[in-house]
Amino acid sequence: ADGCIGQMMEKVVLAPQRPRKTKEEIAAECKSWALIGKTDDRERNVITSLELKSEVMEVNNQRLQAKYRTLEENEVRYEAIQCDDADYVIVAFGSSSRICSATVEMARAEGIKLGLLRPITLYPFPKKPIEELAARGVKGFLCAELNAGQMVEDVRLAVNGKAPVEHYGRLGGMLFSPDEVLKALKEKLLNR
Numbered sequence: 003a004d005g006c007i008g009q010m011m012e013k014v015v016l017a018p019q020r021p022r023k024t025k026e027e028i029a030a031e032c033k034s035w036a037l038i039g040k041t042d043d044r045e046r047n048v049i050t051s052l053e054l055k056s057e058v059m060e061v062n063n064q065r066l067q068a069k070y071r072t073l074e075e076n077e078v079r080y081e082a083i084q085c086d087d088a089d090y091v092i093v094a095f096g097s098s099s100r101i102c103s104a105t106v107e108m109a110r111a112e113g114i115k116l117g118l119l120r121p122i123t124l125y126p127f128p129k130k131p132i133e134e135l136a137a138r139g140v141k142g143f144l145c146a147e148l149n150a151g152q153m154v155e156d157v158r159l160a161v162n163g164k165a166p167v168e169h170y171g172r173l174g175g176m177l178f179s180p181d182e183v184l185k186a187l188k189e190k191l192l193n194r
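At the far end of the sequence shown sits residue 194, using the working numbering, and the numbering has no gaps.
Since the hints were made in silico from the structure, they are not lab data.
Hints may be right or wrong, so weigh each one.
Pairs of lysine-lysine, DSS-like flavour, derived with a Cα cap of 25 Å [claimed, not checked]:
hint, residue 1, residue 2
1, K115, K130
2, K55, K13
3, K69, K130
4, K115, K129
5, K185, K141
6, K130, K141
Hey, can you work out the whole structure from these sequences and the hints?
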């Protein structure tokens with residue numbers, strides 16, 4: 003969740019609190035795996051890595067790498083808003099992307115061809131559409147984030163030096179406005 007969601011406050015209704023289980027009830031329910039300390043009737047639990055044999059661990063890691071490749075091929079989610087003819091693209095996720103959609107409209111009204119790429123999944127990251135935008139000749143990217151720049155390096159890696167990538171962010175639950183994002187775009191990319 004981003005800073006805005008993390009700072010939200012609202013009324014909640016909690017279910018009635020259930021009575022706490024006794025140590026005996028926990029032991030009966032969890033049998034041998036529970037970490038409740040060493041008892042007289044069993045040895046203590048020792049939790050280690052998935053596998054201690056390097057050869058087996060290597061096979062397991064290769065399986066995981068194949069799984070990650072499948073995720074990168076099939077599970078990337080993003081939304082491209084007015085990116086087809088964009089000279090500049092804002093990359094923003096979460097609540098900041100909603101703010102930036104208004105920035106796109108404001109910029110377009112001023113004659114600036116601005117688009118918005120909104121990652122829906124941050125892993126796998128939508129690097130291919132960003133690579134394609136950079137290869138097409140987008141002049142610059144602005145990462146608008148409600149943090150200190152968690153995504154900007156991912157965008158820089160995808161752009162691979164083909165265009166400048168700048169960051170604009172607010173911290174501590176502070177929100178930026180569409181006007182502030184447009185001003186940052188002009189200062190950091192248009193008026194270079």
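Outcome of the hint check:
1. K115 / K130: holds, 21 Å
2. K55 / K13: violated, 51 Å
3. K69 / K130: holds, 18 Å
4. K115 / K129: holds, 21 Å
5. K185 / K141: holds, 17 Å
6. K130 / K141: holds, 17 Å
Consistency note: the structure conflicts with earlier hint 2 alone.
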